[in-house]
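Input sequences plus hints: build the corresponding full structure.
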Amino acid sequence: MINYNNTLGLKKTMQSVVNQIWRNFEYIVIDGNSLDNSVAIINLKKFNFSYSAFTI
Numbered sequence: 398m399i400n401y402n403n404t405l406g407l408k409k410t411m412q413s414v415v416n417q418i419w420r421n422f423e424y425i426v427i428d429g430n431s432l433d434n435s436v437a438i439i440n441l442k443k444f445n446f447s448y449s450a451f452t453i
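Counted from 1, the sequence shown has number 408 at position 11 by the working numbering; the numbering is strictly sequential.
It should be emphasised that the hints constitute simulated quantities derived from the structure, not laboratory data. Every residue, glycine too, gets a C-beta built ideally from N, C-alpha and C. Each hint should be verified, as a subset may be incorrect.
To be verified - So the derived label-pair ranges between C-beta atoms look like this:
#	residue 1	residue 2	range
1	Lys409	Gly429	14 to 20 Å
2	Asn402	Ile425	26 to 32 Å
3	Leu432	Thr410	16 to 22 Å
4	Asn421	Tyr401	15 to 21 Å
5	Leu441	Arg420	16 to 22 Å
6	Ile399	Leu441	14 to 20 Å
7	Asn430	Lys408	27 to 33 Å
8	Val414	Asn434	16 to 22 Å
9	Ser413	Asn440	17 to 23 Å
10	Asn430	Leu405	15 to 21 Å
11	Thr410	Asn430	24 to 30 Å
Written out as structure tokens, the structure is:
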């Protein structure tokens with residue numbers, strides 16, 4: 398997923414991915430140096446991915 402200053406869309410999309418029945422997937426979020434809360438949303442632990450790696 399590519400994101401830039403889209404906190405609401407980012408939240409909805411990430412929650413949709415978490416809600417999937419299929420659990421064997423790779424989900425990559427690329428943020429274009431957003432000026433809103435996007436990075437904080439990406440870092441939220443409530444999305445419960447089994448593995449997270451990111452560079453800011």
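- Using the beta carbons of Ser413 and Asn440, state whether their distance is inside 17 to 23 Å or not. holds, 18 Å
Are Val414 and Asn434 spaced within 16 to 22 Å by their CB atoms?
Cβ of Val414 to Cβ of Asn434: about 18 Å, so the range 16 to 22 Å holds.
At the C-beta level, are Asn430 and Lys408 separated by a distance inside 27 to 33 Å?
-> violated, 19 Å
Pairwise beta carbon distance, Asn402 to Ile425, judged against the given window 26 to 32 Å
The hinted range 26 to 32 Å is violated for Asn402 and Ile425, with Cβ atoms some 19 Å apart.
(message) 16 to 22 Å was suggested as the range; check whether the CB atoms of Leu432 and Thr410 agree with it.
(response) holds, 19 Å
Does the Cβ pair Lys409, Gly429 satisfy 14 to 20 Å?
Distance hint for Lys409, Gly429 holds at roughly 18 Å.
Range hint compliance [Cβ, Leu441 to Arg420, 16 to 22 Å]
Given range 16 to 22 Å: holds, Cβ gap about 19 Å.
I want to verify a distance hint. Is the separation of the beta carbons of Asn421 and Tyr401 within 15 to 21 Å? violated, 29 Å
Could you see if the CB distance from Thr410 to Asn430 stays within 24 to 30 Å?
This hint is violated: roughly 19 Å between Cβ atoms.
In this structure, is the beta-carbon distance linking Asn430 and Leu405 contained in 15 to 21 Å?
-> holds, 18 Å
Next on the checklist: Assuming the hint says 14 to 20 Å, is it satisfied by the Cβ distance from Ile399 to Leu441 or not?
Outcome noted: Holds - the Cβ-Cβ distance for Ile399 and Leu441, about 19 Å, lies within 14 to 20 Å.
Of the numbered hints stated above, those contradicted by the structure are hints 2, 4, 7, 11, listed in ascending order.
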